[in-house]
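J.: So the sequences go chain by chain: A and B.
Mapping of the first sequence onto our numbering: residues 235 to 698, in sequence order.
Mapping of the second sequence onto our numbering: residues 235 to 698, in sequence order.
Heads up, some of the hints might be wrong.
Just so you know, same-sequence chains aren't split out, so a pair can sit in one copy or run between any two.
EDC-like mimics (lysine to aspartate or glutamate), calculated; alpha carbons at most 20 Å apart, straight line [claimed, not checked]:
no., residue 1, residue 2
1, LYS355, ASP328
2, LYS262, ASP430
3, LYS355, ASP284
4, LYS288, ASP255
5, LYS262, ASP438
6, LYS262, GLU442
7, LYS665, ASP469
8, LYS355, ASP330
9, LYS262, ASP441
10, LYS387, ASP430
11, LYS387, ASP423
12, LYS363, ASP330
13, LYS665, ASP333
If you're looking for bench data, these hints aren't it; they were derived computationally from the structure.
Please read all numbers here as calculations on a predicted model, not as lab measurements.
2 protein chains.
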Amino acid sequence: MPEEDEANPISEIRRAIIAQDGSALLAKAEDVHYADLAGLYEDLDDEERDFLFKTIGPELATDVVAELPYSLIEDSLGHFKPAQLRFLLGNLSDDDRVDIFQVVSEEARVRFFSLLGTRDKELTKSLLKYEEDTAGGRMTTQVGRITADMTVKQALTILRRDREDAETLARIFVVDVQGRLVGKVRLRDLAFNTWDTPIQDIMDTVDEFILATEDQEDAARLLSRYDLVVLPVVDEFHHLLGVITYDDALEIMQEESTEDMEKLGGIGGEQTELTYLNTSVATHYRRRAAWLVCLAFVSIASGYVMFSFGDVLQKAFVLSLFLPMVVASGGNAGGQAATMVIRALALGEIAAGTALRIAWKEARTGLFLGLTLGVSIAAFISLILPHFHPPAPDSFSFLQLSLAVACAITLQVLSATVLGALLPITARAIKLDPAVVSAPSLASIVDVSGMLIYFGTAAAILRL
Amino acid sequence: MPEEDEANPISEIRRAIIAQDGSALLAKAEDVHYADLAGLYEDLDDEERDFLFKTIGPELATDVVAELPYSLIEDSLGHFKPAQLRFLLGNLSDDDRVDIFQVVSEEARVRFFSLLGTRDKELTKSLLKYEEDTAGGRMTTQVGRITADMTVKQALTILRRDREDAETLARIFVVDVQGRLVGKVRLRDLAFNTWDTPIQDIMDTVDEFILATEDQEDAARLLSRYDLVVLPVVDEFHHLLGVITYDDALEIMQEESTEDMEKLGGIGGEQTELTYLNTSVATHYRRRAAWLVCLAFVSIASGYVMFSFGDVLQKAFVLSLFLPMVVASGGNAGGQAATMVIRALALGEIAAGTALRIAWKEARTGLFLGLTLGVSIAAFISLILPHFHPPAPDSFSFLQLSLAVACAITLQVLSATVLGALLPITARAIKLDPAVVSAPSLASIVDVSGMLIYFGTAAAILRL
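Given only the sequences and the hints, what does the whole structure look like? Please build it.
T.: Below, the structure is given as structure tokens:
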């Protein structure tokens, strides 16, 4: 971690802030990447944050603000006077500005909006139409646009004007007079062709694009699948509205992976965007308490099943030796199947209508896993246990016991595996989130079914 | 999923293959993205694959082969005659070629190597030096290189020669006569400056780069943190060896997320790169069986603890009602803490030496979570349970029972939370994989400690 290295510029900036040495701070801050400044800002206290932003001023702070966790943005803008704030808001790229408008309070939104220039006001209003997690909500409108009737020279003139604004010039899009997307050229094609070449002759067709109202995850998947630098975003009339860039795709993918992992781990609520250590205990508590309490009370159901089978357990208390094993194996096997399917869903590998193929694959996998466990545990009980458990079991032989436990664990693993695979698919089919539904409900169902299967099988085979 | 749509070009190609209609196949295949052809190839049987590759020929097949899952690559190259194979291997980009050499059998590696041209032989040999998962193993050497003493015009002439080979021209690197990295320019700076401008005047310093021997994950994190399109890879003398591009970062991040998720879900072995449905039952079985069997046998330890406390349980069988709850809550709370810490480690949020701060944060979070559960369950036992469980418990009051269960669950959740957070950090500190160590060992330890805490607390408080 950069923060740990004493000789590094971020540590020097930190020391300059503590020493209230504005000129040293400014000199260093100009050489540092804004992402590192944003990381530093997060670790500072209020007074230090104020000193940092007052010293570097609104121009340098623009990119830093855009990089901050959403929950810190509104406060961070409070360090500036209205005139500075007007400059900073105008200096933001349009997608960052919209993001900020989407996350600040209603009161701040109105106040910030009044500071915008006329063009930015209109643009911001039109971008705020799109939900935060759609392609339209994520796109930037700052993209190179030319028309097919231009020459290379005319195109370069237009683009030169926009060069510092455009998020990327790796792909330049060709639109018709109505602004509809008709093609694309690469900057290298402009740079390496003679100035009188018509754009018409060097433009390519656009095969990949996305509707502004579609999910940002779908946009990220397209960028990733086709290795695109930029993906054009269009409306239903095929007007070019903006682009989503490769770095958005990276961010979206990472957010989604974190989200799925957290949901699988039984963690609820929104991601904080703050680093782990900067997240308060109260927030950590809030994100975990609900599922924990809910799951705890649900597991009284398993307790009730165990309690009901009290007579079986008391007649053959040796059964307690393998109770945790059978129950836990179901949870583990179901969790494995759910993880595979949830990840496959997230990567877009599983098409609608393949539920039966998945169930069949998991049924076979689960059966072999269950049999492996069953045979192993049967061998253990009939061959090894007798040496360690001298008092012969109550009213049955070790062989009978091994049969009962083996049958129970095979059934439990088979059923949990199929259930673990089908729960996420069912959730997706009824438009629920696969990860959030599967992990906790799976654990609860499989614990109860494990108790039932174990005691039911044992009672039947051992005639208890 | 595209495959489901009857009117789409991939379905048409599939039909052309089934109908053995080579000309229809070829006409369609040229319009389709290679990533889609690779997806289709995966779903075909051997004969269909052969027809597809024989029809489209080595040129079109080059990109498709590079996109295939590693396990299919060697077979896929078997469709071509030596002369075609020589063309295809030469046509691959150098990083894809090295990837292929890294994954095929020893026999194939020797045979393929003999088909390479002299320059490709040398390049491949020098790239094969780097481990597959290092920056050097992932980079491409196809990058725009110029020197500082050139003019814009000279630079453009050099780059025009390389234009189709270079992976990206978004960033062009400036090297000295020894090939050491001294700066960078953007293509737009070349395109928009006059032809006689010296490169010296428009070049920027390079702040971000990576050593070839560093982990590819670190490269991906740099690309993501600083929103880079390309990251230069250098040797210890700062010679420019190649670049890693944004699409590599996306792929690396996705592989790592999948890996972490699978490990957390108790799935072992290498990712197959095949889609879920194309992975055989045997492979699914192999990746899950080891952990499942291992965890099952470890959980006999919990069974043994339960068996040992047989007299306590028999004296107060009502305890069985809350046994699964106490044990499972520990597993859930520990899993939540481990998930948070493992993800924070993966995103590079946690620095070395912060173990104590993490433990302190989790201790407080765990205490509050444990108390929440303890108070809830105590209220349930003392206020609600008496109405549903008419026979008064054996030798103690509902109030005493509620106190015992509440203490046990608070202790269990607190200890499991701290343990869940510390296990991944400890694993990282001793250079083990946090995800692979934490989930399974956590489950085993927490189950046993839960049994011990539950019966120990109950025996002490209820004087059993």
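J.: What are the numbers of the hints that this structure violates, sorted from low to high?
T.: Numbers 2, 3, 7, 13, in rising order.
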